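S.K.: One-letter residues, chain by chain:
2 protein chains.
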Amino acid sequence: MVFFTTIRKNYSYMNIPKTNLPRVVIVGGGFAGISLARQLANKNIQVVLLDRHNYHTFQPLLYQVATGGLEPDSIAYPIRKVLKEIPNFHFRLAKVTDIEPENQIINADIGYLKYDYLVLATGSKTNFFGNKEMEKNAMVMKTVPQSLNLRSLILENFEQALLTSDINERNALMNFVIVGGGPTGVELAGALAEIKNGILPKDYPDLDIRQMQINLIQGSDRLLDAMCKKSSEKAEAFLEKLGVSIWKNLRVTNYDGYTATTNTGVTFETSTLVWAAGVMGNMPDGIDGEEIIGRSNRIRVNEYSQVVGYKNIFAIGDIALMETEAYPNGFPMMVQPAMQQGDALGKNIVRMVRNKEMVPFKFKYKGSMATVGRNKAVVDLPSFTFQGVFAWFVWMFIHLFYLIGARNRMVVFINWVYNYVRFDREARIIIRPYKKNKAIAEVE
Amino acid sequence: MVFFTTIRKNYSYMNIPKTNLPRVVIVGGGFAGISLARQLANKNIQVVLLDRHNYHTFQPLLYQVATGGLEPDSIAYPIRKVLKEIPNFHFRLAKVTDIEPENQIINADIGYLKYDYLVLATGSKTNFFGNKEMEKNAMVMKTVPQSLNLRSLILENFEQALLTSDINERNALMNFVIVGGGPTGVELAGALAEIKNGILPKDYPDLDIRQMQINLIQGSDRLLDAMCKKSSEKAEAFLEKLGVSIWKNLRVTNYDGYTATTNTGVTFETSTLVWAAGVMGNMPDGIDGEEIIGRSNRIRVNEYSQVVGYKNIFAIGDIALMETEAYPNGFPMMVQPAMQQGDALGKNIVRMVRNKEMVPFKFKYKGSMATVGRNKAVVDLPSFTFQGVFAWFVWMFIHLFYLIGARNRMVVFINWVYNYVRFDREARIIIRPYKKNKAIAEVE
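Residue numbers (this note's numbering), protein chains in the order written: chain Y, 1 to 444; chain R, 445 to 888.
Hints were generated in silico from the structure; no laboratory data involved. For clarity, every value in this text was computed on a predicted model and none was experimentally measured. Keep in mind that the hints are not guaranteed to be accurate.
[To be verified] Cross-link-like lysine to aspartate or glutamate pairs, in silico, DMTMM-like; alpha carbons within 20 Å at most:
1) R:Lys673 to Y:Asp206
2) Y:Lys202 to Y:Glu159
3) Y:Lys196 to R:Glu529
4) R:Lys539 to Y:Glu159
5) Y:Lys18 to R:Asp650
6) Y:Lys435 to R:Asp553
7) Y:Lys18 to R:Asp610
8) R:Lys528 to Y:Glu323
9) R:Lys462 to Y:Glu85
10) R:Lys640 to Y:Glu85
11) R:Lys528 to Y:Glu159
With the hints as extra help, turn the sequences into a complete structure.
M.R.: Printed below as a string of structure tokens:
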């Protein structure tokens, strides 16, 4: 049989039908890409969306997957299903390798494709600021598989801690270091603390779970430093009440898999260091030049989301760096600008196709929030701020609202109610063991 | 740091506390092992359960995980949680390597352990009857990771089918061959047919899904040949109505990854062959001798579940071969005998410890069932048999009843209602790609 070895030559053009419609190719099925695609429905435009996963990920809840509170399918949604109502829509599971702007071609592992309009919505990835040893040894939490690896490692640590009579080893196995005091770090630390208090003592009666340490390390002088001071203080108080050790003005400089060193003399012996201290644009090849690539590896775009120097290449979401007066360093890399840019660009592409004038993008900040634990959240709205039980309900309501799919909402809601009433997290199962220092999961 | 390299020497005795209580070591947390452990609660017995997974798997629903209807955590349950109410209970995540009956020691990857009573409840694994090429190329569905691999492969096939213009390749990608017409094969074939009819045409409007073929191959002259004839006939009629091609009196002799050959001239070109045509005992090393190992690699036990020749080694569930007048070849390898043997042995061990006489095991057959699709199931009870909508409700009720955990029941129930009302299966996400012919999943 030869046909499986000759696949590639048949993959030209990715089998996307040729039509007379203008073709918009979107790279990335995150919040920006999905919002954009929806705007292009029924506008006589052919929409092609490429993503390396066949699902959209609701990243704000990844930390609950990592801590056994939710399963992946509750926060992941098949992209084909989200967008199946759009006529002339085509999804392809593909890893984009590079772009040839001069030929209006995009290359991927499954072939190449001509575009009329290209939109880069490739999002962001973890930024290790060039530290390769850190990159090799730290856990991250930007994708579903990464979050599942973290879940496996946490559980494996406790299984291993049970077995050793070496006190140093046991301490390192039960010591968790989270680097980065933004929403991700705060929410993960809070969830770990709740597991420590509610679940682990029952699961591991042979272990002295009080020895478990959760260290949250922040480089600046307060947690959640993008939020207001009151929210920061309250979040710190919540975390301290849960038993999290907060380290401020401290920067982790290296981690060899066992010892984390910092810019002061402080060190941490830990088998689990989670790096949540920075993100950077997820840049495809073929985009270069200092005038294009800006801060945090993001692509400089104008107020129409056009990549500097190109009329028909756009960037939206985390990958896009739109420098405005209010946000001279670009918008924060979060869901709101991504969705709003996707919506706005969709309307602008329709205008462009119809030879109408485009409208400049205006970002409308709606607020930000973080949850620490049961009944404990902080919410900043543009006009006021509140913390505590009500903030926690608001946080839950907003997250349920933005989840895609009625079934996902129901399942997440039931899990939350169950976890709340029973102080439980039932998805603490190790489906695929995570081999530390080996980026390979054995299949059984 | 050296402590991580010197772990092993600290693992002796697996850190199980020494007490004056008799120690029962159970290998395997399936239906048999869990039922047994529960019987030993509050009986002044130390119970140690070893399993290579930290969860109990509800195997009868694995096919729904493979076809995107359910997520793993709905049918998997942390063993520590199931058994946490038992005093003097210890779980260890361990792969048992061998047994030294002469020293009353069991060896595992994490150390060794002395036992007073040893119970083997290691279940069964897929039986390829020695065909190594089949084993390398066929998909199986006995564990959660295996079922997730099958899910990934099914979805990957359709993504790939979209890309090729080679008609032979496309046909092979859309051709599914299921070998084995028992409950597993029948249920998987039915679920695939429902996906074909309800979901794929919407997800892949560019593909002609009518070309998708589902072939169910049975060696004997009827499907579900352990059930009554009426149920067989009805199951076949249901499957045919759904569009499944049924092949009877046909045996697949080999599969090289592309072509399946049979004992007649018939061949199938397929990229997905699922082998559900046989199981065999999952035998630990250190058990040998013709008088002990019987049919299907099972361990011969007497009516007290004692392994032939040993007073304090027992075997229950699929691994045990208890030859009785009614079942000269042992009980069927299914849930009922496993649970009943676990219960009975638990009571007998308590009797043994208290120097009372043990009671011989009596198997009570309660019936068997299989579901083909929505409103389509077949149920055999000892006294009568029925098929269709009512059988389907009975099937669902029984499965919900035997699922462990209130949250699992709720989540499964909601998924079933949703899937029923919406003709949907939403967990069609490829979390870890399955690389065909490479038993390694890349971690991203």
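S.K.: Output the indices of the hints that this structure fails to meet, ascending.
M.R.: 1, 8, 9
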